[in-house]
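Residues per chain, in single letters:
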Amino acid sequence: NAGVMQNPRHLVRRRGQEARLRCSPMKGHSHVYWYRQLPEEGLKFMVYLQKENIIDESGMPKERFSAEFPKEGPSILRIQQVVRGDSAAYFCASSPSTGGDQPQHFGDGTRLSIL
Amino acid sequence: DAKTTQPTSMDCAEGRAANLPCNHSTISGNEYVYWYRQIHSQGPQYIIHGLKNNETNEMASLIITEDRKSSTLILPHATLRDTAVYYCIVRVSTSYDKVIFGPGTSLSVIP
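Taken in order, these protein sequences are the chains called A and B. All residue numbers for the first sequence refer to our numbering, where the first residue is 10 and numbers rise by one. All residue numbers for the second sequence refer to our numbering, where the first residue is 958 and numbers rise by one.
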């Protein structure tokens, strides 16, 4: 029973490059959430997606960040023109449906380092 | 802002029960209490959740007070591998509600 799979586990980019983070939800889960954890800080919600739809992107920076969850394939979090401040751990979670009685299950994250 | 208050840190002797408190005095009738933990460099791990009744699973027990203003997560026999940051979260049950993580409690299990 595979859990939430994220890849790559570690990603190194130079300033100005693009970073692309992938998340495959648990089997049967159609709701995906992205969180960011800056060094020595707590997890912060970024965006919530269902298949082909962004439901809540209130935590995602307006510039350079985008997310998608296509009909086929994993969810992608894309960061364009990365800067040093984007260095963080990015976690993806999934759930079978929305609502507070459904736990979100997390992957082990992608650690993004910007040189 | 998180709707819960937890102690910043706690210690527990290995093999003893770890009791982690959480205050959620403004909780609404339709909000669940959730517990997650994050072991260093890993993703948050779901532990348990409950609405009104006490809950138990293979990992832990959740005790919710009758007025629902506070709860306690109990790890019955703590091991060194239980050393982690433990997050108490409240979530609305009836509709989409983003998960807001507070700073949590850093639990250290001491040999």
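A couple of the hints might just be wrong.
[What the hints assert, rightly or not] The list that follows gives simulated cross-link-like pairs (lysine-lysine, DSBU-like), each with its CA atoms no further than 30 Å apart:
1) A:LYS71 - B:LYS1026
2) A:LYS80 - A:LYS53
3) B:LYS1055 - A:LYS80
4) A:LYS36 - B:LYS1026
5) B:LYS960 - B:LYS1055
6) A:LYS53 - A:LYS71
7) B:LYS1026 - B:LYS1055
8) B:LYS1009 - A:LYS71
9) A:LYS60 - B:LYS1055
10) A:LYS60 - A:LYS80
11) B:LYS960 - A:LYS80
12) B:LYS1026 - A:LYS53
13) B:LYS1009 - B:LYS1026
14) A:LYS53 - B:LYS1055
15) B:LYS960 - A:LYS53
Keep in mind that the hints were calculated from the coordinates and are not lab data.
For this session: Could you grab the alpha-carbon distance between LYS53 (chain A) and LYS1055 (chain B) and see if it respects the 30 Å cut-off?
Result: This hinted pair holds, its Cα atoms lying about 10 Å apart.
Exercise. Is the hinted pair LYS960 (chain B) and LYS53 (chain A) satisfied, with a Cα-Cα distance of at most 30 Å?
Worked result: holds, 14 Å
For this session: Quickly compare the C-alpha distance for LYS960 (chain B) and LYS80 (chain A) to 30 Å and report which way the hint goes.
Result: Distance of about 35 Å is beyond 30 Å: violated.
Exercise. Taken at face value, is the distance from the CA of LYS80 (chain A) to the CA of LYS1055 (chain B) at most 30 Å?
Worked result: holds, 23 Å
Problem set entry | LYS80 (chain A) paired with LYS53 (chain A) [C-alpha distance capped at 30 Å] | Satisfied, since the Cα-Cα distance of roughly 26 Å is no more than 30 Å.
Exercise. Straight-line Cα separation of LYS60 (chain A) and LYS1055 (chain B) no greater than 30 Å?
Worked result: The given pair, whose Cα atoms are some 17 Å apart, holds under the 30 Å limit.
For this session: Would you check the hint for LYS1009 (chain B) and LYS1026 (chain B), treating anything up to 30 Å between C-alpha atoms as holding?
Result: Measuring from Cα to Cα gives roughly 11 Å; hence the hint holds.
For this session: Decide if the proposed pair is consistent with the structure: LYS960 (chain B) and LYS1055 (chain B), CA atoms, cutoff 30 Å inclusive.
Result: holds, 12 Å
For this session: Would you mind confirming whether the straight-line C-alpha gap from LYS60 (chain A) to LYS80 (chain A) stays at or under 30 Å?
Result: It holds: about 6 Å lies between the C-alpha atoms, which stays within 30 Å.
For this session: Take the C-alpha atoms of LYS1026 (chain B) and LYS1055 (chain B), compute the straight-line distance between them, and say whether it is at most 30 Å.
Result: holds, 21 Å
Problem set entry | Pair hint LYS1026 (chain B) and LYS53 (chain A), alpha-carbon separation not exceeding 30 Å | holds, 24 Å
For this session: Quickly compare the C-alpha distance for LYS53 (chain A) and LYS71 (chain A) to 30 Å and report which way the hint goes.
Result: Distance ~15 Å between LYS53 (chain A) and LYS71 (chain A) Cα, so the pair holds.
In this structure, the hints that do not hold are numbers 1, 4, 8, 11, in rising order.
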